[in-house]
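Engineer: Each chain, letter by letter, is given below.
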Amino acid sequence: GEDVEQSLFLSVREGDSSVINCTYTDSSSTYLYWYKQEPGAGLQLLTYIFSNMDMKQDQRLTVLLNKKDKHLSLRIADTQTGDSAIYFCAELRGSQGNLIFGKGTKLSVKP
Amino acid sequence: NAGVTQTPKFQVLKTGQSMTLQCAQDMNHNSMYWYRQDPGMGLRLIYYSASEGTTDKGEVPNGYNVSRLNKREFSLRLESAAPSQTSVYFCASSGGTSGRAGDTQYFGPGTRLTVL
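Protein chains in written order, with this note's numbering: chain A, 1 to 111; chain B, 1 to 116.
Since the hints were made in silico from the structure, they are not lab data.
Hints may contain errors.
Claimed, not checked - Within a straight-line C-alpha distance of at most 25 Å, the following computed DSS-like cross-link-like pairs (lysine-lysine) qualify:
no. : chain 1 : residue 1 : chain 2 : residue 2
1   : B       : 14        : A       : 106
2   : B       : 57        : B       : 9
3   : A       : 106       : A       : 36
4   : B       : 9         : A       : 103
5   : A       : 68        : A       : 103
6   : A       : 70        : A       : 106
7   : A       : 68        : A       : 56
8   : B       : 71        : A       : 103
9   : B       : 14        : B       : 71
10  : A       : 36        : B       : 14
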């Protein structure tokens with residue numbers, strides 16, 4: 001299909017790890033991104049990974065890329081209530097460099 | 001740096017009215033974008049501008065026009081608003097050369113538009 005797919009909801013307990021999954025479509029996409037959107041706010045870039053990498057770690061965030069399966073995941077270690085937000089996966093597609101977004105995964109963190 | 005700024009933050013229009021959404025960036029970026037965000041639909045690209053003086057249609061351009069006034073500013077105009085254009089509109093900018101980390105897009109806070 002043409003869409004970037006994400007599950008819509010994820011609920012975890014504070015202190016647990018969260019894993020948000022994404023399936024993208026274009027094997028030639030060069031960059032894949034994770035954005036965070038808090039209620040009533042714009043999108044904040046969390047991290048990105050270049051397509052020739054398998055993993056990228058940035059403090060509590062770990063991005064895993066399986067290029068063969070076109071699968072991207074974002075792991076948040078020691079999830080906090082402040083991590084509650086919608087997380088968008090996006091792929092950089094085409095010569096114009098357009099971002100194609102998933103529909104977003106709403107992460108709820110319970111105390 | 002303020003990053004990407006948008007005005008207004010909220011707007012209510014009646015069907016058939018026109019308005020212009022303003023966007024400005026102070027990061028000296030080449031490329032600018034307009035998206036709309038609807039519940040359950042993610043973000044969809046309306047128009048983009050790869051450089052000053054150029055604009056191109058995105059996924060959902062119908063009912064909109066854009067102007068890249070200069071390198072800093074990119075406006076989105078609704079000539080005759082329709083209820084289907086009720087949405088949250090985001091402007092973004094990026095360094096602009098495809099396929100590089102400099103293409104990371106930075107987003108404004110959004111404009112919440114309601115068309116009655």
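Engineer: Each of the hints needs a verdict: does it hold here or not?
Structural biologist: Status of each hint after checking the structure:
1. Proposed proximity of residue 14(B) and residue 106(A) is contradicted: the alpha carbons are some 32 Å apart, above 25 Å.
2. Restraint check for residue 57(B) and residue 9(B): the C-alpha separation of about 24 Å stays at or below 25 Å, so the hint holds.
3. For the hint linking residue 106(A) to residue 36(A), the alpha-carbon distance of about 10 Å falls within 25 Å, and the restraint holds.
4. With a C-alpha separation of about 23 Å, the suggested pair residue 9(B) and residue 103(A) falls inside the 25 Å cut-off, and the hint holds.
5. Between residue 68(A) and residue 103(A) the CA atoms are separated by roughly 22 Å; this keeps the pair inside 25 Å, and the hint holds.
6. A hinted pair counts as satisfied when its Cα atoms are at most 25 Å apart, and residue 70(A) with residue 106(A) qualifies at roughly 21 Å.
7. With a C-alpha separation of about 17 Å, the suggested pair residue 68(A) and residue 56(A) falls inside the 25 Å cut-off, and the hint holds.
8. Proposed proximity of residue 71(B) and residue 103(A) is contradicted: the alpha carbons are some 30 Å apart, above 25 Å.
9. Between residue 14(B) and residue 71(B) the alpha-carbon distance is near 32 Å, which puts this suggested pair outside the 25 Å criterion.
10. Between residue 36(A) and residue 14(B), the direct Cα distance comes to roughly 32 Å. Violation of the 25 Å bound is thereby established for this hinted pair.
Checked against the numbered hints given earlier, this structure breaks hints 1, 8, 9 and 10; the rest are met.
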